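*Asks:* Residue numbers (my numbering), protein chains in the order written: chain A, 1 to 337; chain B, 1 to 334; chain C, 1 to 324; chain D, 1 to 284.
Because the hints were derived from the structure by calculation, they are not lab data.
Mixed in with the good hints, there may be bad ones.
Said to hold, decoys possible - List time: in silico BS3-like cross-link candidates among lysine-lysine, alpha-carbon distance up to 27 Å: (1) C/K259 with C/K304; (2) A/K142 with B/K245; (3) A/K252 with B/K94; (4) C/K152 with C/K130.
What the hints assert, rightly or not - A few chain B residues facing chain C, derived, Cβ under 10 Å: (5) I15; (6) V114; (7) L225; (8) A226.
A quick note: this is a predicted structure, and the numbers were derived from the prediction, not measured.
The beta carbon of each residue, even a glycine, is placed where N, CA and C say it ideally should be.
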Amino acid sequence: MKNPFIIYIIQRILQCIVVIFIGTTVTFVIPRLVPSTNPVETAIARAQMMGQYTDPKAVDEMRRVLKKLYGLEGTTFQQYIRYWGSVLRGDFGPSFSSFPTPVMTLIRVSLSWTAGLLLLTTILSWIIGTLLGGLAGYFSEKPWARILEIFTNAIRPIPYYIMALLMLILFSYVLPLFPRGGAFAIGLTPTFSWQFIRSVIIHAFLPALSLIVVGIGGWFQNMRVLVSNVIREDYVVYAETLNISPQDILYKYVIRNAALPQLTGLALQLGMIFSGALITEVVFNYPGLGFLLYTGILRGDYSLIMGITFFSIVAIAVGALIIDLLYPLFDPRVRYT
Amino acid sequence: MTVLQIDKIKAYYKINAYGNQRTVKAVDNVSLEIEEDETFGIAGESSCGKSTLIKVISGTIKPPLTIIEGKVIYNFGDESIYIGKVNGQEEIGKVTWEKVSYIPQSSMSVLNPVMKVRDIFYDLLKSHKKTMEKEVFNETIKEHLNSLGLPIEVLDLYPHQLSGGMRQRVIIALATIFRPKVILADEPTSALDVVVQQSVLQLLREIQNENKNTLILVSHDMSILANIANRIGIMYAGKIVEVAKVKDIFENPMHPYTKFLINSIPRIGDKSDRLSIPGFPPSLADPPNGCRFHPRCPYVMDICKEKSPLLCEVAEGHNVACFLTSEESEDGKY
Amino acid sequence: MENTEKLLTVKDITKVFTRGSLLSRISFTAVNNVSFEIEANKPEIFAIVGESGSGKTTLARIILHLIEPTSGQILYRGKDITKIKSKRDRIEFMSTVQPIFQNPFETFNPLKRVDSYLYETALNYKITNKSNLERFIADILNSVGLSIEEVKGRYLHEFSGGQIQRLSVARALIVRPSLLVADEPVSMLDVSLRMSIVNLFKELKNDQNVSIIYITHDLATAYYISDRIAIMFRGDVVELGPVEAVLARPLHPYTRVLKEAVPEPTPTQKWGGKINFSAIEIEEFSRVGCKFAGRCQSVMEICKKAEPKYSSVDNRMVKCWLYK
Amino acid sequence: MFNIIKDLFKFDGRFRFSIITLLCIILFSLLSFWSPYDPSSSYYVPSNIPPSAKYLFGTNSRGQDIFWMMTFAIKNSLIFGIITALLSRILSIFVGLISGYKGGIIDKVLMSINDSFIVLPLLPILILLKFIIGRMELTTLALVMAVFGWSWDARLIRSQVLSLRERDFTYTSVFSGMGTLKITFKEYFPFIIPIVLATTVNNMLWSLGMEITLAILGLSTVEIPTIGTTIYWANQHQALISGIWWWLTFPVIISIFLFLALYLLSVSLSEYLDPRLRIQQARV
């Protein structure tokens with residue numbers, strides 16, 4: 001009999017491919033939604049109207065790239081295949097606003113900043129949220145659990161932008177503890193000197209804090225509900241009658257089982273968290289993908305936006321796949337029949 | 001020597017949901033004495049309070065269940081555990097697994113799905129005998145499983161990989177590892193097939209003969225109790241209505257409910273008509289006053305509607321709570 | 001049409017379940033070519049007894065046309081139900097056979113008034129017109145020992161298990177079916193209340209000549225109520241015949257083991273004998289030859305290799321190599 | 001339905017808070033009909049005056065009275081949220097019912113598309129879409145958001161329908177002569193309504209949050225006053241740096257209250273309407 005573990009992996013990889021396929025098709029279809037005859041011209045017209053002065057060489061290069069990208073000749077199907085060809089090679093042509101640098105190099109530079117911020121905050125908020133939620137769910141009568149619940153209930157519905165704004169107002173205007181934005185003090189060159197790293201941490205602190213606080217609210221509430229269900233399960237009641245030590249029951253029985261659906265939730269929420277990170281970067285003009293996207297919008301840099309959109313779809317799909325592949329390690333029912 | 005004394009225990013569920021308060025009188029003034037080296041069967045049908053009684057005896061009392069009155073005392077010669085109401089305060093003694101163990105209904109979800117059977121044993125032993133090195137632990141487990149005829153490979157399996165019968169054996173192994181004085185079993189085989197049920201009950205009987213422990217077995221199936229119990233207590237609507245040796249219960253049942261219970265069991269080879277008890281079990285939230293069986297009892301008398309009969313000895317070792325056989329009611333002579 | 005028309009003919013019904021997605025095919029045979037017949041003019045109670053995983057519920061679902069068999073035919077009065085396409089055929093089929101389910105509290109929608117099902121059935125099958133609908137329903141309820149006042153406008157949670165099973169029978173009787181398929185109808189009820197429902201089934205057979213297929217794992221109730229009995233094990237019908245003969249002198253080793261395992265409600269006859277069992281169930285499903293070979297006391301070499309054929313002994317069908 | 005609200009109001013503090021807050025916000029937004037100023041005009045009051053008796057919320061640097069601007073902003077945002085939530089219900093109920101009821105291949109295909117929409121990062125896609133299409137009134141934006149907002153809820157409705165199909169009363173209904181449509185509406189809807197209600201409120205929460213995000217990026221039609229565009233104009237005029245704190249604080253406070261009220265409403269509603277819970281209460 002085939003091992004269910006392999007079936008699970010194949011299914012998850014297939015799902016990841018489907019996500020990338022649908023994402024790419026959506027980004028291919030969107031420009032064609034515009035009823036006008038030639039999407040390239042409309043794109044360039046819109047870009048020029050939005051952006052500042054652009055030298056003619058950049059406009060011609062843009063037209064060449066977009067023509068190639070869209071390849072207006074041939075049937076939509078041929079365009080579609082050519083579109084896949086250039087996309088898979090990551091060739092979105094040069095960025096319109098900061099001409100001749102290709103879009104991909106811009107993305108690669110700001111990617112390291114977003115990745116740093118996003119990975120750290122997502123994992124931290126997931127772990128803290130899950131642990132705190134688990135404890136609050138298990139000791140639900142204790143006063144500290146009640147306070148925590150009310151506090152997170154208040155935080156959870158606040159969208160990323162509003163929380164980022166609040167943090168900015170509180171911690172850099174009202175009490176000026178942190179800088180107002182940017183990733184490191186001006187004039188410092190990115191080296192691994194302690195001074196540079198210290199400055200990066202100080203600058204990244206507020207965006208990270210705001211992302212974590214919003215994240216924790218969500219994970220806390222989900223975990224608290226999951227735990228309040230798991231406590232009533234037969235194996236927990238039985239473990240209690242076995243007088244197994246309360247710590248073991250809490251961690252090995254309650255949190256261990258309640259964290260499984262929480263992990264699937266993380267894979268599904270990755271898209272939302274990523275969008276949240278983008279907007280938080282804009283508030284703190286933290287030089288990640290979000291800020292790059294924002295400048296792209298201001299300057300009407302069409303191919304940059306296209307590149308970032310495609311790149312974020314692939315990144316999120318792969319991220320969700322990784323989390324899904326972690327799941328069987330924690331759930332033996334998937335590993336063995 | 002009486003190993004477990006249950007003295008006028010009253011345990012109710014106080015439920016408050018969206019404004020309507022209800023108290024479910026699950027166990028209402030129950031008194032029992034259970035001896036050492038005895039298999040005591042508690043027979044009762046759905047919502048008669050037998051599972052609540054087991055919860056009270058095993059000390060697993062969590063809201064909304066609270067003890068209103070009475071006490072449960074274990075005495076193991078050297079040590080005694082007290083559960084019950086002391087001047088208004090609910091006191092629940094620590095019922096440790098070494099002395100009193102518990103076998104739940106063999107449902108699929110009793111063992112932790114993400115842990116191997118070995119780790120469950122390890123947690124149990126760790127929490128009781130703090131210093132347990134790996135080798136000593138492996139040794140004790142292997143020897144214990146062999147004594148129960150269980151294959152050793154079971155230790156490395158996960159609960160979802162075990163069959164129903166095997167899972168119930170693992171639960172019995174967990175319950176008997178410390179050779180406890182009292183084993184409580186709540187419908188241990190009702191979720192199993194007939195053939196597997198027979199082998200599991202034979203295993204319980206062998207363990208009881210070997211260790212001379214007390215086995216308290218709760219079941220809705222009188223035929224099982226006939227095969228395994230020495231004494232049987234019949235429970236109805238939160239009260240014990242009859243207690244006697246197994247032979248007396250089946251050959252000379254005195255309480256009308258017991259008579260009905262035995263007569264309504266179909267037997268292979270006998271197609272004679274079987275009758276059901278008219279009406280349906282009372283709700284424990286507002287039980288009928290007087291004797292709780294009176295709305296369904298064919299021999300009902302006026303006294304039955306006002307007073308609740310006391311469980312008292314009618315013949316040698318045979319107690320009945322019915323006005324047909326005694327005049328005493330729970331609140332004094334009528 | 002054959003001369004003595006059969007109410008129900010089950011011909012070589014097999015059902016193979018395949019689990020897992022398109023890449024992996026784990027399949028096991030839940031029902032393995034089962035055949036039997038129910039006479040049209042002679043109402044009888046036909047019991048199908050087996051443990052969990054024996055395929056009895058799958059067989060019931062196939063007979064009720066709720067799931068499609070992998071192979072084989074189900075004929076009602078000579079008409080094959082797998083050919084049912086039009087709504088008219090469906091209504092005609094459902095007015096000959098009606099189901100009774102195991103869990104009373106799952107039989108009706110808890111959020112809807114229970115009597116709405118009675119009116120719904122009566123109107124959909126056009127049994128009576130609107131005017132004397134109330135009286136018709138009241139009569140049906142009386143025939144199962146319930147009164148209209150007890151039932152009017154009440155919800156599921158206001159009834160006991162026994163009452164709901166009676167309601168379920170009443171709903172089924174509205175269409176005057178000739179066959180009821182009851183899948184473990186009393187296993188969720190208290191022993192002391194089961195007899196009232198079981199006796200109700202006997203009355204239906206005798207007074208309203210309704211045939212009943214009674215599916216259970218409880219051999220004693222099956223003996224009490226049925227005329228003919230089929231013992232199922234891992235998808236095979238291992239023994240089929242009149243209930244007195246089958247249970248007085250069980251031929252198939254599994255029937256013998258099953259009968260001995262049933263606890264007698266008398267303290268004198270305690271269980272003897274030692275039972276061996278397979279640690280992991282999956283093994284038994286995929287076993288070649290006779291599926292009971294792993295546990296059978298009188299197992300022979302041939303049992304492990306070839307699947308036994310049916311032989312007719314003492315007017316019973318037995319599927320075992322001991323009998324040729 | 002009325003007694004549900006009465007029960008909830010009496011016993012569930014969260015529900016009481018959310019109903020009161022929502023009523024205040026709706027009343028506040030209705031004031032916009034008596035607004036002395038036309039929302040699209042500007043510079044009709046002296047600008048940058050901190051909150052005072054005359055101008056409750058103060059005025060902004062575009063010479064608009066923030067109090068009356070906020071009444072329009074809340075009204076438009078609420079309308080936008082409701083339209084998106086209702087439009088996305090159609091898709092989520094449709095997909096949820098079909099894949100839950102049909103099962104098999106259709107279910108697998110629909111669900112893999114559905115899961116992809118859940119995982120996709122919607123912000124960059126919406127930005128790309130907005131960037132291409134440019135001008136878009138609120139209703140078309142609501143339509144676009146509805147196209148992306150149905151996948152979470154379709155998944156919930158599907159799992160509910162799947163579990164209902166396995167329950168015996170579905171077969172009882174089939175054998176009572178009821179057709180598929182009748183079963184779906186008469187038998188399943190009392191189970192589906194609580195999910196639809198709770199997820200509608202959740203969807204409003206999501207779409208309002210998204211509207212703010214798009215407005216701040218300058219992608220929604222900035223003339224129409226909504227919570228998002230108010231904050232957008234505040235950013236454009238560097239409200240924080242030049243010390244006009246009241247321009248930002250009032251929209252932020254009101255939106256926090258609005259989001260909190262909507263969230264608590266959806267939590268208390270789904271907890272109360274959960275059929276399992278209701279049956280338990282009745283049976284005890």
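*Asks:* State for each hint whether it applies.
*Replies:* Structure-based check of all given hints:
Between C/K259 and C/K304 the alpha-carbon distance is near 24 Å, which keeps this suggested pair within the 27 Å criterion. For the suggested pair A/K142 and B/K245, the alpha carbons sit about 49 Å apart, so the restraint of at most 27 Å is broken. Restraint check for A/K252 and B/K94: the C-alpha separation of about 23 Å stays at or below 27 Å, so the hint holds. Under the criterion of a C-alpha separation no larger than 27 Å, the hint pairing C/K152 with C/K130 is consistent with the structure, at around 17 Å.
Because the smallest distance between the Cβ of B/I15 and any Cβ of chain C comes to about 15 Å, over 10 Å, the interface hint for this residue is violated. Proximity of B/V114 to chain C is violated relative to the hint, the smallest CB-CB distance being about 20 Å (cut-off 10 Å). Among the interface hints, the one on B/L225 holds; its C-beta lies about 9 Å from the nearest C-beta in chain C, closer than the 10 Å criterion. Annotation: interface hint on B/A226 holds; nearest CB of chain C at approximately 5 Å, less than 10 Å.
When the structure is compared with the earlier hints, violations turn up for hints 2, 5, 6 and for no others.
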